[in-house]
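Enquirer: Protein sequence lines, in the order shown, are assigned to chains A and B.
Here our numbering = 1-based position in the first sequence + 109.
For the second sequence, counting from 1, position 64 maps to 51 in our numbering; every step adds exactly one.
Fair warning: there could be bad hints in the mix.
[As the list claims (entries may be wrong)] Below 20 Å or equal to it, Euclidean Cα-Cα: the simulated SDA-like pairs (lysine to any residue) are:
no., chain 1, residue 1, chain 2, residue 2
1, A, K177, A, G225
2, A, K177, B, L81
3, A, K177, B, A71
4, A, K177, A, G130
5, A, K177, A, N197
6, A, K177, B, E3
7, A, K177, A, V126
8, A, K177, B, A34
9, A, K177, A, M110
10, A, K177, A, L163
11, A, K177, A, P121
12, A, K177, A, L133
13, A, K177, A, V153
14, A, K177, A, G231
15, A, K177, A, L129
16, A, K177, A, L229
17, A, K177, B, A84
18, A, K177, B, V55
19, A, K177, A, L122
20, A, K177, B, A113
21, A, K177, A, S118
22, A, K177, A, V119
23, A, K177, A, T167
24, A, K177, B, F21
If you're looking for bench data, these hints aren't it; they were derived computationally from the structure.
Quantities reported herein were computed from a predicted structural model and do not represent experimental measurements.
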Amino acid sequence: MHQLWVSLSVTPLLWLVVTLGAYLIGVALRRAAGDTPLVNPVLVAIALVGGLLLVTGTPYATYFSGAKFIHFLLGPATVALAIPLADNIHHVRRSLVEMGAALLVGCLVSMLSGIGFVLLLGGPAQVALSMAPKAVTTPIAMAVASEIGGLPALTAVLAILGGIIAAVLGESLLRATGVRDWRAHGLAAGLAGSGIAAAQVAGRDPLAAAFSALGIGLNGLLTALAAPAAVALLHRLHWLGM
Amino acid sequence: MIESLFVILLFQLIGEIAHSVLDLPVPGPVIGMFLLAGALVIRRSRAGAAGREAATPAELDSVARSLVRHMGLLFVPAGVGVVAMAGLLRAAWLPIAVGLVGSTLLGLLATGWVMHALLAARAARAR
């Protein structure tokens, strides 16, 4: 038995099956809970796989050497976001100025407040830099994090948790402050909570779905451009203490 | 299916090459995403009044849709990395928790408010 585990645990096959199985359990749990945004299949799968690694004493590197084949698909999935983006291009043209201004403000507030909160509460600079791009869809966030000196794995976890927070609280908070326009709801969900929050508003209204796709794509571009510049400025001001 | 995968991977490759050759701060897949979106929009405008469906190949559309729909699964291997960072999370839990909740909600509200106010202002001008 032990011999079998030792030989299987170094093959990609075991970890691919474990990852897919854990995710399917997460999907089944969400369905059983009535499709509530409170049960997130990604979070369930991470907890299950993480728990298994801890129980079996398997190093993360061993797991990732198998699971990297799933991880690789994040790149193509990011490229695939081009299709919803191209489909909604007429919405961009119609409210270009409004959307650009809202994106710029939201992107800067999200990035700088993330860095600010962490540094003000005494967190390490590397954590602050991992927090900065976490609003963006995870593959972009991870790439930006490694570009600016954060920890991509931490950013991935923060992006997923941030997406859940935005999905659960976003709509009611915006509504409580008088925002009723679905275009604003969609854009805000896509910008701050990427795929997870976008999936939530997409179920509420088709116009919100279109603008959440734009929020994801355009904030991805904006953050990828603005984060390295903002971090270079913070370094120059010696606010990151590195 | 193979043709669509080829197109998607090709644009990712072009993005990666542009990223390293031009030393751009934007990640390769993001460059690929915007190049492909641009190519699709140009293709569509060439197709003219024939409609949007005619311009985006149906097969590319369905491959892209299934990739995006199951994007959650693709986050799992990276997310499991949290077990390798348990020490860091425990050591800095307060700045991480406050930074995560605070910046997510501030970013969301700022975007929603600005968009709402500007759209309302435009509607008022039109009236």
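Enquirer: Take the C-alpha atoms of A/K177 and A/P121, compute the straight-line distance between them, and say whether it is at most 20 Å.
Expert: holds (9 Å)
Enquirer: Are the Cα positions of A/K177 and B/F21 separated by 20 Å at most?
Expert: Answer violated: A/K177 to B/F21 is near 25 Å, above 20 Å.
Enquirer: Between the alpha carbons of A/K177 and B/V55, is the straight-line distance 20 Å or under?
Expert: holds (18 Å)
Enquirer: Please work out if A/K177 and A/L163 have their alpha carbons no farther apart than 20 Å.
Expert: holds (19 Å)
Enquirer: Keeping to a limit of 20 Å between CA atoms, is the pair of A/K177 and A/L129 held or broken?
Expert: Roughly 13 Å between the alpha carbons, so the hint for A/K177 and A/L129 holds.
Enquirer: So if I understand the rule, the pair passes when the alpha-carbon distance is 20 Å or less; does A/K177 with A/T167 pass?
Expert: holds (16 Å)
Enquirer: Holds or violated: A/K177 and B/A113, Cα atoms, limit 20 Å.
Expert: Violated, at roughly 53 Å.
Enquirer: Next pair to validate is A/K177 with B/A34; report whether the Cα-Cα distance is within 20 Å.
Expert: violated (39 Å)
Enquirer: Is A/K177 close enough to B/A71, meaning Cα to Cα at most 20 Å?
Expert: holds (16 Å)
Enquirer: Check the hint pairing A/K177 with A/N197 against an upper bound of 20 Å on the C-alpha distance.
Expert: It is violated: about 32 Å lies between the C-alpha atoms, which goes past 20 Å.
Enquirer: Please verify whether A/K177 and A/M110 have alpha carbons no more than 20 Å apart.
Expert: violated (26 Å)
Enquirer: Take the C-alpha atoms of A/K177 and A/G130, compute the straight-line distance between them, and say whether it is at most 20 Å.
Expert: Status holds; Cα separation ~16 Å.
In terms of the numbered hints stated before, the structure departs from hints 1, 2, 5, 8, 9, 14, 16, 17, 20, 24, listed from lowest to highest.
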